[in-house]
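These protein sequences, in sequence, are chains A and B.
Every letter in the first sequence is one number past the one before it in the numbering used here, and letter 331, counting from 1, is 337.
Every letter in the second sequence is one number past the one before it in the numbering used here, and letter 296, counting from 1, is 302.
Everything labelled a hint here was simulated from the structure, so no lab data went into it.
Some hints could be false.
As the list claims (entries may be wrong) - No more than 27 Å apart at the CA atoms, straight line, and that leaves these computed lysine-lysine pairs for DSS-like:
1) B:K269 to A:K269
2) A:K269 to B:K273
3) A:K124 to B:K284
4) A:K124 to B:K187
5) A:K187 to B:K109
6) B:K284 to A:K112
7) A:K314 to B:K275
8) B:K187 to A:K112
9) A:K284 to B:K275
10) B:K275 to A:K273
11) B:K275 to A:K269
12) A:K124 to B:K153
13) A:K275 to B:K314
14) B:K273 to A:K284
15) B:K112 to A:K187
16) B:K153 to A:K187
17) B:K314 to A:K269
18) B:K284 to B:K153
19) A:K27 to A:K90
20) A:K124 to B:K324
21) B:K124 to A:K324
22) A:K269 to B:K284
23) A:K284 to B:K284
24) B:K124 to A:K124
25) A:K153 to B:K187
26) A:K124 to A:K110
27) A:K78 to A:K275
28) B:K284 to A:K273
29) B:K269 to A:K314
Claimed, not checked - Where chain A lies over chain B, by a calculated footprint (3+ residues, C-beta under 8 Å):
30) 121–128
31) 154–167
32) 171–181
33) 252–264
34) 275–283
C-beta atoms are modelled at their ideal positions from N, C-alpha and C, and glycine is treated no differently.
Number of protein chains: 2
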Amino acid sequence: MRSANNHPGEFRGDVMLDDRKMRVLYAIIDSYITTAEPIGSRTISKSFNLGVSSATIRNEMSDLEELGYLNKTHTSSGRVPSDKAYRLYVDSFIKLDNETINKKQKMEIRNALERESKELDQLIQNSARLLSHITSYTALALSPQIKETRIKHVQLLPIDEYQILLILVNENGLVKNTVFKTEQAIPENQLNAITNMLNERLRNISFNQLNKDSLKGMFNEFYKYKDEVERLIPIINKSVESMDSIDLYADGIGMLLNFPEYKDIDKVKSLMSFIEDKDQLMNILLMDSISRDINISIGQENIYAPLKECSIITATYKLEGETVGKIGIIGPTRMDYLRLIKTLRIFSDNISEIINNSNGSVKR
Amino acid sequence: MRSANNHPGEFRGDVMLDDRKMRVLYAIIDSYITTAEPIGSRTISKSFNLGVSSATIRNEMSDLEELGYLNKTHTSSGRVPSDKAYRLYVDSFIKLDNETINKKQKMEIRNALERESKELDQLIQNSARLLSHITSYTALALSPQIKETRIKHVQLLPIDEYQILLILVNENGLVKNTVFKTEQAIPENQLNAITNMLNERLRNISFNQLNKDSLKGMFNEFYKYKDEVERLIPIINKSVESMDSIDLYADGIGMLLNFPEYKDIDKVKSLMSFIEDKDQLMNILLMDSISRDINISIGQENIYAPLKECSIITATYKLEGETVGKIGIIGPTRMDYLRLIKTLRIFSDNISEIINNSNGSVKR
DNA sequence: TGTTAGCACTCCTCATCGCCGAGTGCTAAT
DNA sequence: ATTAGCACTCGGCGATGAGGAGTGCTAACA
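My request is simple: use the sequences and hints to build the entire structure.
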């Protein structure tokens, strides 16, 4: 016997639901989230003590269905929460901005992430993995978009006669590198000179700016290496262009199979292939990029057909106050929103802090 | 009506199979690989013209079952090839080392890989993705183990007062980087001096060597920066240690659901969670590392329980003649070995050539 | 007027049953 | 040695029916 959550009356959409309706609705949602079974009036009155009989609850449920908060699978089945119900449910605690973060759990996750992640990509990848393990849901993680940061260091290194390694480091210590080919060998000492030039000229230029401005004008005065530099410019430019590519990691795809809603192979097949198509998925994550720290997209709110029966929760992480990337969870609309949001908050906080090194929890 | 493959008589295991038994067996294997349905004597005699009646085939099948090449799902069902049958089948063409590589397909794959891959990790990741797309199987790819290559360049860069970025470049242009923290600030000019020292001392040292030798002795003479260097040494050493970590990529996990053998959720669940557990899977791929260019592990030959009904084909790729990594395919024992081996060969050749830049198909 | 008990009705789930067909194994004929 | 014939096996599948959870409606009640 558990008692229904005591959520405040709420108004949303058309009508303000009275307190009892809210309780009934939340009881149904809570029950359905844990059992995945349609629930009937009698079961509610037995499991949650709302102080009224099943007949009364039955009437309330009938009303709630008419208002669009409940669905039936067939005429004499139990009720199931609608997307609208989940939306109401989620909105009721998303704005509470619940601070009750479990400090201990946060530090555990923080330690695990820092311990296993040497490079940035690893951090993001491990975040997805750990998030999936902890939640038992499919986790998504988007690597940071670094366009707006500034160049700290440029280095050209010869690999062999016709190949040059370009290394770019930004102010946050993110490293990107590309090997490119030249048609004509460039002696090492000249390469060093060019490297020095590039460093002088490019330091503190943003990647974005580098991308946009033609570099040509910048180097006119260095006529000594003019030819080489001219040959390098388009290559560097192209490399830089390719550098701000974003990676998407999905982990725990198999977790989907644990949900009873995916006992049917065909349902899960289309969803999985959608998740594994990184391009499409990336679109979705980038789409609502103007949005809040926590973004939730429930069922039919999703645009792509394979996601119409899913929910996606995303959280942003920040670099120096700017949102640069996201992590998220995907699963059936009947997901444990409350717990997942809490966990996502912990992850996004941790990732932000790690990449900012804001709080110097020094390695012991 | 297709005719059975005309493979030569073969002896393997206990008994030498006569020519007709071979043909019957190969017919069953071919059929089962494409249909996934147990096949009966009558169907064989109709679909493959072996010139004998179904009764004769029935007798042969009975013999083949006794020899362990065929299994029945129940007393009056059709036959299914055993692991032993697949082993025979595979061995018959693996040693032919069939050169009939489709040049056109190879170049297409090569172009796709080079077009999309700027960094090494991307190349490996894209290989897995493309391999999975092309074959419609789950693809695996192991990033190269770079322990045995030599250091080409070392660079220390300050990120902020207490953080230093360490960049290591090897002779092949592979870049690894780590951010580490110091307890005491090091001025930039000192850092540059140390960088120069490190470069002088570490160039052409193998990662392995760096890992083993204590660096301490190396820098004794540089008393000017002795303190800083001493503080750096264990950090660098630890970073290097963490640098030769291998990554494993799995792509197309959802492809498993296309196979009728995985219409049962429970079967696919354990397999998927196994594949998503990178540590275990890595073990498997690294285990047979002494082996041939193409390695095939069929059904019960696999050690781990979730793989007992799977086959894994792996191919190696090389850097300067040395095997440094692997790509592979995982799927039901009833896999299209011939086609998959061919495709894997193409991929492993391409990856080897790209990372060696042996043939300079210059960007146009 | 809101709440509740009672009851008929709906419809899903699951187990049972029997038929059909593909396939085997054996025997006897060629 | 090969083949035709035949009895037998067994999984798959659709039909059938019982059981149960749940609804909606009506009438009684505080």
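Against the structure, the hints:
1. A distance of roughly 10 Å separates the Cα atoms of B:K269 and A:K269; the hinted pair therefore holds under the 27 Å criterion.
2. Under the criterion of a C-alpha separation no larger than 27 Å, the hint pairing A:K269 with B:K273 is consistent with the structure, at around 12 Å.
3. For the suggested pair A:K124 and B:K284, the alpha carbons sit about 18 Å apart, so the restraint of at most 27 Å is met.
4. With a C-alpha separation of about 12 Å, the suggested pair A:K124 and B:K187 falls inside the 27 Å cut-off, and the hint holds.
5. A hinted pair counts as satisfied when its Cα atoms are at most 27 Å apart, and A:K187 with B:K109 qualifies at roughly 24 Å.
6. This hinted pair checks out: B:K284 and A:K112 have alpha carbons roughly 24 Å apart, not beyond 27 Å.
7. Simply put, A:K314 and B:K275 have alpha-carbon atoms about 23 Å apart, close enough for the 27 Å limit, and the pair holds.
8. At most 27 Å may separate the alpha-carbon atoms for a hinted pair to count; B:K187 and A:K112 meet this at roughly 22 Å.
9. The hinted pair formed by A:K284 and B:K275 meets the criterion: a straight-line CA distance of about 22 Å does not exceed 27 Å.
10. Among the hinted pairs, B:K275 with A:K273 is consistent with the structure: their alpha-carbon atoms are about 15 Å apart, no more than 27 Å.
11. Between B:K275 and A:K269 the alpha-carbon distance is near 11 Å, which keeps this suggested pair within the 27 Å criterion.
12. The straight-line distance between the Cα atoms of A:K124 and B:K153 is roughly 17 Å, inside the 27 Å bound, and the hint therefore holds.
13. Distance check on the hinted pair: A:K275 and B:K314 sit about 23 Å apart at the alpha-carbon level, within 27 Å; holds.
14. In summary, the hint linking B:K273 to A:K284 is supported, as the alpha carbons are separated by about 26 Å, within the 27 Å threshold.
15. Restraint check for B:K112 and A:K187: the C-alpha separation of about 22 Å stays at or below 27 Å, so the hint holds.
16. At roughly 25 Å between alpha-carbon atoms, B:K153 and A:K187 fall within 27 Å of each other, so this suggested pair holds.
17. Our distance criterion of 27 Å between C-alpha atoms is met by B:K314 and A:K269, whose separation comes to about 23 Å.
18. Restraint check: the Cα-Cα separation between B:K284 and B:K153 comes to about 20 Å, which is no more than 27 Å; the hinted pair holds.
19. Annotation: proposed proximity of A:K27 to A:K90 holds, straight-line Cα distance about 14 Å (limit 27 Å).
20. Pair hint A:K124 plus B:K324 holds up; C-alpha atoms about 26 Å apart against a cutoff of 27 Å.
21. Distance hint between B:K124 and A:K324 is fulfilled; the C-alpha atoms sit about 26 Å from each other, no more than 27 Å.
22. Pair hint A:K269 plus B:K284 holds up; C-alpha atoms about 25 Å apart against a cutoff of 27 Å.
23. A distance of roughly 20 Å separates the Cα atoms of A:K284 and B:K284; the hinted pair therefore holds under the 27 Å criterion.
24. The hinted pair formed by B:K124 and A:K124 meets the criterion: a straight-line CA distance of about 21 Å does not exceed 27 Å.
25. Between A:K153 and B:K187 the alpha-carbon distance is near 25 Å, which keeps this suggested pair within the 27 Å criterion.
26. A distance of roughly 23 Å separates the Cα atoms of A:K124 and A:K110; the hinted pair therefore holds under the 27 Å criterion.
27. Restraint check for A:K78 and A:K275: satisfied, since their Cα atoms lie roughly 25 Å apart, inside the 27 Å limit.
28. This hinted pair checks out: B:K284 and A:K273 have alpha carbons roughly 26 Å apart, not beyond 27 Å.
29. The hinted pair formed by B:K269 and A:K314 meets the criterion: a straight-line CA distance of about 23 Å does not exceed 27 Å.
30. Evaluation of the coverage hint for the stretch 121–128 of chain B: fulfilled, as 3 residues show C-beta separations to chain A shorter than 8 Å, against a requirement of three.
31. Counting residues of the stretch 154–167 of chain B whose CB falls under 8 Å from any CB of chain A gives 6; the rule of at least 3 is met.
32. Residues of the stretch 171–181 of chain B with a Cβ under 8 Å from some Cβ of chain A number 7, which satisfies the need for three, so the listed coverage holds.
33. Counting residues of the stretch 252–264 of chain B whose beta carbon lies closer than 8 Å to any beta carbon of chain A gives 6, which meets the minimum of three for the stated coverage.
34. Here the stretch 275–283 of chain B counts 5 residues with a CB under 8 Å from a CB of chain A, which clears the bar of 3, and the coverage holds.
Violation of the numbered hints given earlier is absent; every hint is satisfied by the structure.
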